[in-house]
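There are 2 protein chains.
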Amino acid sequence: MIVATTIRAVRARRQELDRLGRRVALVPTMGALHEGHLSLVREAARRADEVWVSIFVNPTQFGPNEDFDRYPRQLERDRELLEAEGVALLFAPTTKEMYPKPPSVLLDVPQLTAGLCGAHRPGHFRGVALVVVKLFNILRPEVAVFGAKDYQQATVIKRLVEELDLPVEVVVAPTVREADGLAMSSRNAYLHGPDRQAAAILQAALRAAAAALVAGERRGQVLEGIVAAHVASEPAARLQYAAAVHPDTLEPLETVGDRVVLAVAAFVGGVRLIDNLVVEVP
Amino acid sequence: MIVATTIRAVRARRQELDRLGRRVALVPTMGALHEGHLSLVREAARRADEVWVSIFVNPTQFGPNEDFDRYPRQLERDRELLEAEGVALLFAPTTKEMYPKPPSVLLDVPQLTAGLCGAHRPGHFRGVALVVVKLFNILRPEVAVFGAKDYQQATVIKRLVEELDLPVEVVVAPTVREADGLAMSSRNAYLHGPDRQAAAILQAALRAAAAALVAGERRGQVLEGIVAAHVASEPAARLQYAAAVHPDTLEPLETVGDRVVLAVAAFVGGVRLIDNLVVEVP
Numbered sequence: 001m002i003v004a005t006t007i008r009a010v011r012a013r014r015q016e017l018d019r020l021g022r023r024v025a026l027v028p029t030m031g032a033l034h035e036g037h038l039s040l041v042r043e044a045a046r047r048a049d050e051v052w053v054s055i056f057v058n059p060t061q062f063g064p065n066e067d068f069d070r071y072p073r074q075l076e077r078d079r080e081l082l083e084a085e086g087v088a089l090l091f092a093p094t095t096k097e098m099y100p101k102p103p104s105v106l107l108d109v110p111q112l113t114a115g116l117c118g119a120h121r122p123g124h125f126r127g128v129a130l131v132v133v134k135l136f137n138i139l140r141p142e143v144a145v146f147g148a149k150d151y152q153q154a155t156v157i158k159r160l161v162e163e164l165d166l167p168v169e170v171v172v173a174p175t176v177r178e179a180d181g182l183a184m185s186s187r188n189a190y191l192h193g194p195d196r197q198a199a200a201i202l203q204a205a206l207r208a209a210a211a212a213l214v215a216g217e218r219r220g221q222v223l224e225g226i227v228a229a230h231v232a233s234e235p236a237a238r239l240q241y242a243a244a245v246h247p248d249t250l251e252p253l254e255t256v257g258d259r260v261v262l263a264v265a266a267f268v269g270g271v272r273l274i275d276n277l278v279v280e281v282p
Numbered sequence: 001m002i003v004a005t006t007i008r009a010v011r012a013r014r015q016e017l018d019r020l021g022r023r024v025a026l027v028p029t030m031g032a033l034h035e036g037h038l039s040l041v042r043e044a045a046r047r048a049d050e051v052w053v054s055i056f057v058n059p060t061q062f063g064p065n066e067d068f069d070r071y072p073r074q075l076e077r078d079r080e081l082l083e084a085e086g087v088a089l090l091f092a093p094t095t096k097e098m099y100p101k102p103p104s105v106l107l108d109v110p111q112l113t114a115g116l117c118g119a120h121r122p123g124h125f126r127g128v129a130l131v132v133v134k135l136f137n138i139l140r141p142e143v144a145v146f147g148a149k150d151y152q153q154a155t156v157i158k159r160l161v162e163e164l165d166l167p168v169e170v171v172v173a174p175t176v177r178e179a180d181g182l183a184m185s186s187r188n189a190y191l192h193g194p195d196r197q198a199a200a201i202l203q204a205a206l207r208a209a210a211a212a213l214v215a216g217e218r219r220g221q222v223l224e225g226i227v228a229a230h231v232a233s234e235p236a237a238r239l240q241y242a243a244a245v246h247p248d249t250l251e252p253l254e255t256v257g258d259r260v261v262l263a264v265a266a267f268v269g270g271v272r273l274i275d276n277l278v279v280e281v282p
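Residue numbers (our numbering), protein chains in the order written: chain B, 1 to 282; chain E, 1 to 282.
If you're looking for bench data, these hints aren't it; they were derived computationally from the structure.
Treat identical chains as interchangeable: a pair holds within one or across any two.
In silico lysine to any residue, SDA-like type, Cα no more than 25 Å apart, as pairs: (1) K101 - E142; (2) K158 - M98; (3) K101 - V143; (4) K158 - E43; (5) K96 - R14; (6) K101 - E162; (7) K101 - P247; (8) K101 - E66; (9) K158 - T60; (10) K158 - R259; (11) K101 - E251; (12) K96 - R121; (13) K158 - A45; (14) K158 - R14; (15) K158 - I7; (16) K158 - A173; (17) K101 - G257; (18) K96 - D78; (19) K158 - L106; (20) K96 - D165; (21) K158 - S104; (22) K158 - R11; (23) K158 - P174; (24) K96 - E169; (25) K96 - V170.
Let the hints inform the model, and build the full structure from the sequences given.
Below is the structure:
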């Protein structure tokens, strides 16, 4: 596995692959890799000649009071995991390499980032959009694989690719879960003891709303209320939002049609967790 | 010369060139080509194996009360001019091809677009930024050549390329002028009779300020006043702005250092014209 830390090095390698006609599938990550990331790597391997992974804890997507400083970093372990998966190249730039100057470009999809996590993390998706477009332009992958857990992020990236005509195919791979349903996340490392058990309430709450939907409940607000009530039933959890939104526009649905995204964000033991379910109405 | 009207066709051609290792220099235009555009084409020819030109009157960079509908369109004549210059490919997409849906992505460099033309044409540079990034992603040129007449535009594009890590070298080529100093522009076609002669006042006004600068005047506001007074001396002209700004930040300069951009916008006979001079202080 090649470990590249500079844009220049990775561009040189990309040009070699261009000449060889070899296709690259990228998995962009912030490191602290878990089984969810590795499932994205395996999905990427099915779709191109080489898998490339980026590890970059992107400062521009963290708010001033968020966990940028304490976000888990374990590059050596990540490197070993990726090597074992047969990843061809790891791009692990410094902040200075990615942002030699404070960025002045504003990139956003306001219609998609006004609600859900965007409403609670101002600037977050601008940071995501900027770093993902930078990574696409630096690494020029033919395919990029993202996790379904970050549904709003994946929707924003698909829109950017579509409207900016970025020459990359975006693949969204299913969320990988622990045995009790908790969506895998690097931030789960912050959870200890009873908080870890309480965290399963997010997925349980979404499943309860999905069951009501399948049983005939079509009112968006009622479905949101079911999610909220379930989260409230867990004393260690504090709801940030519960939402029933359109899968493409992310707009709240008064009445659910044939597809809905049920999404939730909650704090458990001070750790902010998110999860979602895409439900096709029978 | 290949004439491509679809993204699919031009991407296929670009992939062929990738395999051949041939480099492309792009000249993005809105058509109605004049000697200024052709000088960009010749500059492009010196910098790559093939010159590609795009002709697209981009609706997203026109305000609701601007001249999108009457902007000059003469594709057949443009095609002949480009053929004669040895251009390898003309990309002339429809609006529907470039914008199958109304765009929702917001791309801007607010620090660079707040003043000068940006202050008088809200949304203009967002439209420019969007279409240029789209064209770069569709055509993937190694080099792109822009005219110095649109100084603010060139500055915005260079910043986008730098911060988004777009793999393209931006070249800014000198403004081509008529015998009386008028900067060549497709909009000059709107000028008739005495208005055409009056239009030379923009360049004359900038030269007067540059002469004062060389003679020792360093106060930005005084230099702006010289430009404004000259434009006011021409009854057919109405000043929109006169500015003395930093060449990189485009911020107004209280005191001019070693470099300054003197920029002017004025209406002559109802036609909005712009011009600028970059002056190195001796």
